[in-house]
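Fit the two chains together into the complex; they arrive one by one in their own frames, and the hints show the way.
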Amino acid sequence: MTTFANKTQTAPKPGRSLITKLNMGTGLVVGIVSAEVMYWLSKSWFDINEAAEINKILTLSMFAWCIGFLVGIGAFIGPFRWLIGKDLTAEEHLYMAGEGQGISRYFKYCTDHKVVGIQYLVGVMTMLGVGGAMAMMIRTNLIQPGSRLVTPEIYNSLVGLHGITMIIALIVVSTGPFGNFILPIMIGARDMAFPRLNALSWWLLFTAIITLCSAWFFGGIPTGWTAYAPLSVQAGPGMNAFIVAIIIFAISSAIAGANITTTVVTMRAKGMNLTRIPIFVIGATISVAMAIPAFPTFMASQIMAAFDRTIGTGFYDANVGGSGWLYAHLFWIMGHPEVYVILIPGVAVLLEIAPVFVRKPLFSVNSAILGFAGIAGLSFLVWAHHMYISGWSPSLNGPFMVTTEMISIPTGLIFLVLLGTLWRGKPWLKLPMLGVYAFIWNFLIGGVTGIYLSDVPADDYLHGSMFVTAHFHYTLMGAALTGAIAGLAFWFPKMTGRMLHERAGYISFWMVQIGFNLIFLGMFAAGSQGQPRRVADYAQTFATSDLISTIGAYLTGTGMLVLLWAVIHSWRNGKIAPTNPWGSKTLEWTVPYPIPLENFHETPVVTSDGYGYGRSN
Amino acid sequence: MITSDSLPPSIGDRTRKFIKRHDVRMSFLYGSFFTLLFIFLGLSFYPKFMPKIMSEQMQNGKEVIVYFTVISAPIAGLVLGIALYTFLNRHKGDTPPPDGPAIRTNTPVILVWTVVSSLFCLVAIVWGLVEMNVASSEAAENEPNAIVVEVTGSQWVWNFNYPEYGFSTDKLNLPIDRPVVFRITSVDVNHSFWPVQLGVKVDANRYAVTTARTTPNVLGVIDIKCAELCGLYHAYMESEGEIMTAANFNSWVKAEGGHTA
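As given, the protein sequences belong to chains A and B, one line each in that order.
The first sequence runs 1 to 617 under the working numbering.
The second sequence runs 1001 to 1261 under the working numbering.
So here's chain B without its partners, still in its complex pose (with noise of 0.2 Å):
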């Protein structure tokens, strides 16, 4: 005769007598806690950290922190869960404790894990790729009413050259709006542009040029600086530049010396 006894457990149960379980409900408190956490961390804290967003790059750039972050942190939040909940329940005492359960492998709870770390990382190559994808065509279109800078690296300044307008400079002001077109070499060693605010970079190289687009969108100070160890001098590579109305812009242009169109 069958008896319920007999039976093995169903799902149901299983799942049921699972989540009453002291050490998995504590586990799942601070995993929830520290997913929080994090979620708070990424979307409220980290930015305060980043210089003024003057780029749909730069915006691009910090999305990627926030967003990452705020997937990355269940799986975070788990793991720190578990860990917490073991560490606070230790063994005190000199001698080694009682053995755990032998618990040598399970299937199920490795193919899940597997599935959604790849799920992850699908994620985070594909908003990658589309990003690259979104950012270079929208280069491409605006390329033909595009500023032209070229950026020259040498030992330890920098040095911008409107063929536009013909004349170069020491400072990097921009037009606000207007596509720019970065067009980047080196005199001596390897060094790399970076207008901080604009969120891009590239590496100035001795005869090579290397190309960085992006449309800056508001108005204010930028910082130029190298990101590429370049000698002796290489933490005083620096440079200033603004975001002007394009009127400004024009007037800045006569005074250097320049001929606008």
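Isolated chain A (complex conformation) (with noise of 0.2 Å):
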């Protein structure tokens, strides 16, 4: 296999094989006629004036998109040749790795890490700013108390878009592209483990993307992210492409969950032993680790919305023995290890970069690793403090404040963590380390503000007002997001071969973070105050506190701009990265720009942790 990387860099030629002519476009073509296909189908059998049978043609028409879509892209050439007792041959496999094809391979189903690696990026990055600008027409709705610039449909369908969209973003912000491309070479590996299962777990998260756009044809998603059951199962057409989604996302996370657990646990270099592991790799297994079990039952919870929707089961219909909490549980088992799914992998790109700037050893790895742990173990017996007023059960309210309350103790040692890595250093304030900064004080407040909401007499208070989305928002954006900007500052180098405009990346920092901290202390202020979230329109009483998040997104919004024109111009005409700019110690600086194929000419071999900066003293 170490043969692959000494050759030149040309196209194998694996003759006259299938998947030569198979790409992204045969995948769209096969992907729509196969929708239109099954939507003519469907509509014979179905009566298509009735509002259960719309739901089933539609739900079969996009199972029928995402399956033709990996069939025209070659996701199962492998498997059929499986199926007939063959396998592919060695140029064909070759092939697909994407060796010398320039840019087309990233429209293929191609499955070298690297290229999976920027695939995500490149797709997080379209879901961020799709997100992004379904924010601002949010915000700008809120502007004042009755501007109504958009009608509650609509308000309500961003809302839930907004949510959906930037949740699947943030899922894999720092995993996909992080995770895929940069994770394998930190453990001194030559590709991940399961090549092909890596670009199916990238394939089928563009299918359940392009999936949940097509919710804005069918009268959008009018029930917020978390879909709550009867509403969802009252909702119009467009909750199918919901549904449908998260279905197939659910799978898409389970493979990379699967893929990326196993890479870490089996492909580390020889001498990369339990304590030498960077702690980049360590928070996203635990990240994807925890994914694992999380995600089946929001894919059940789905599963069980369609069946309701599609042919009148009940299981959330309380009038035939059903019940509007079953989803919330089922929903919030998920709910609440996710939000750290998120969180855990930022955290861990800011641990990463704080002891190559600051020029000292990660404090405590230790520390680290049992806060990540403890967040992880924690995360799945808090689930009903989101459903402390649902009144599902009153008197279990005080066991899960417990324990929701418990997690800030291993939060804590993050801090610990960061504190004693920057205690007597001198930082180098480039853009990735700026980025440990607006975390510390971010987190800080969101972390704050969640022990508030955690106590029940002030959750009684503050749920389901705008204080709980300021809340979220810190965490998830403030920590999570800024952790994934800043891993993106730090690995752009490498992924890319150039260096990030930094003036560029300074200036959209300080938006950002400016902006960000103005939106939502607005928002807490509007929480404090009384302000319902998910309002299309509000009383005068929180006009000021509306006007400054407002003003704070088009701060945030042009920052992120920035941002967006500093990555295009630098990844095109951006100053020639060196191979290590940042002089860090660990693996994925030591190999050259363009990586070869297997990453390594020779395998490294792993004597020390990659925190080994700093004078004795």
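It is possible that part of the hints are untrue.
[What the hints assert, rightly or not] Restricting the straight-line Cα-Cα distance to at most 30 Å, the calculated cross-link-like pairs of lysine-lysine (DSS-like) are: (1) B:Lys1017 - A:Lys426; (2) A:Lys426 - B:Lys1092; (3) A:Lys575 - B:Lys1092; (4) A:Lys43 - A:Lys56; (5) B:Lys1092 - A:Lys585; (6) A:Lys585 - A:Lys270; (7) B:Lys1017 - B:Lys1092; (8) B:Lys1020 - A:Lys426; (9) B:Lys1254 - B:Lys1171; (10) B:Lys1171 - B:Lys1092.
What the hints contain is simulated information worked out from the structure, not anything from laboratory work.
Printed below as a string of structure tokens:
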């Protein structure tokens, strides 16, 4: 296998294999044709004038699109060969890795983990752009009471689509691009454990996103991203897109999770024992490992919702013995681990960055691991704090309050690790390092307000208000997304071979962070004043708080556009990056750009962890 | 021969040396500033944002935020103090800075930190449990002479039924200082019943009855909102009410067509 890397960079010629003919274009064609065929077929089976029948038609068509797309892009060629007792030839294998195919490999079913990483990066940035644009529309509609720029119907759809788009984007924002591109190199692996599954996880996500976007044409998702039943059962045909997208996304994340976990467990370079694994690798692994048990409950909840909507079951219909609380439980059993699935890799990126720029070892790696593990373990025992006021069992509020507040202890350890690393250091305030400081400020606010909300008497007042919205944006955007952007600035030279435009990066950083704090400090105020969340309109009392939020939103949005410009400009014309611009000691900085197909010419041997900075004192 | 130089420095010496260090003093200074800032914000800034406090539940909710802010202020101050000092003490230039001291771990610091954050967590837990316990035992005591209001949410209006007086209406007027028990249900999707100034909130679920208890103790207008997205006009699912004297309440009941005892 090592010989691959030494070959000249010309595309291999696998002869007249079908694989060479397939790409995203054929996938789109086959996918759309499949959906159309399924639509016409099911239209003849079901009556299009009845709501439940429309749901059947659309659900079937959307699944047909997903399967058709994967067939069209060639995802099933390998499994099909196995079915008839053959496998891909060596040339076909090499072709699928995309070596020497230039830009076109990014539009193929490519098994190279670096290509998948870039696909995730571009996909995530697109989703953040779309979700951000919807956030701008939401804030514009809330600029003053009674502005009514959009109808309540469109507003509710914006809220739902913004929510679910951003949640999906943030779940993969660190583990997708960096977990696929950087993580295998960090541990000295030549690729992921299952390269074809790696490609499958990305293209499944792609079909899920397209499905989700189709919701716009069917009346949107008027339920918020939580899609509570029975509201979701009552909702129009756009809801089918949400259901199908979540089912596909759950499969995608399970595949990605199994892949990353297996890679880290089995494919580390010689000498990289458990104490020498970089902290980002540990964080990303814990995150995707949490996703494996968490997302199936989300999938199950949506399958039941689909049955309620199409064939008239009553899982969530109290009239026939079902319960809306069942949905809430299934949703939040996924939902609370899920916020830490988002948070942990973002924090782990920052813990990876801090030692490099402070030139000190990461303080107490064991505390960091214990912190992540503690958060991960506890996060499966706290879900019903989202249901304090739902009335399902007030007597259980106490126990759930106890487990929830206990999360502050492992979270505190993460702060200690960062502070210990900063202590007595003279940090080099490059863009990635600024993210560490932004995280400390934002996550402190997000964390402390989380303790307020975990307390039942305070939650009785604040639940379902803008205060909650502000709290989780501080943790998800202020901490996790900040970590991911810092990670992009940090690894940009390795992923693209060029340096990120520094000045534009700084301008964007300050605009985004100041704007972000304006939005959500304003929203804390609005929530305290008593403004419910997800409202299209509000009373005069909240006018000032909401105006501040909207101004902050424009500042953040503009800052994000500056970052987008910086990324595109630097990717095309940026300064050529040296192999190790930050002087980091982890393995990914030892490989040249362009990174050879199997990363290392010689398999690295690890003799110490990646944090051996510092003079003895 | 043993001289004083060859002995390891005593704890007192080390402490004196530690608190004389510039970075320690400056971090402490910045930390104190942030601590005071957060205490100030918690005590005098935050309460200004709360609407009128018209029940003990609302008072409890406010106190949690105010006192948790005050308790967590020193921890937040410590974190931000150290962070701000290092931020200002940054390395300038285009090459990586020289290496700092290789501090890999410090067991006493980790232990103290863990114990302190656990204590903070314990205070928060005990505080919450005691408050919940007091509230529920008070509610049980008050149950016999409470006024019952049956609240029904439907897309997108609230309906209030007063079984004791035999009428229903879309306004939630209540007599002052008399315990009230809300029995809440929904005829369609989930709603969340939120009489804002009373500081309680419970979901309205279809075919299920949930309960909330409070005792309004201040006269004035209350806003009733829906706190759970319930479809198209969720934002407009609002109602009004008033906490009034017993005499005013009785005449309102009569005007609404109810019968007083």
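Hints versus structure:
As the CA atoms of Lys1017 (chain B) and Lys426 (chain A) are separated by approximately 21 Å, the hinted pair is consistent with the 30 Å bound. Our distance criterion of 30 Å between C-alpha atoms is met by Lys426 (chain A) and Lys1092 (chain B), whose separation comes to about 9 Å. A distance of roughly 20 Å separates the Cα atoms of Lys575 (chain A) and Lys1092 (chain B); the hinted pair therefore holds under the 30 Å criterion. Simply put, Lys43 (chain A) and Lys56 (chain A) have alpha-carbon atoms about 9 Å apart, close enough for the 30 Å limit, and the pair holds.
Proximity of Lys1092 (chain B) to Lys585 (chain A) is assessed by CA-CA distance (about 21 Å); at most 30 Å being required, the pair is judged to hold. With a CA separation close to 17 Å, the supplied pair Lys585 (chain A) and Lys270 (chain A) stays within the 30 Å bound. Taking the CA atoms of Lys1017 (chain B) and Lys1092 (chain B), the gap is about 28 Å. The hint holds against a cut of 30 Å. Proposed proximity of Lys1020 (chain B) and Lys426 (chain A) is supported: the alpha carbons are some 19 Å apart, at most 30 Å.
Restraint check for Lys1254 (chain B) and Lys1171 (chain B): the C-alpha separation of about 14 Å stays at or below 30 Å, so the hint holds. Restraint check for Lys1171 (chain B) and Lys1092 (chain B): not satisfied, since their Cα atoms lie roughly 65 Å apart, outside the 30 Å limit.
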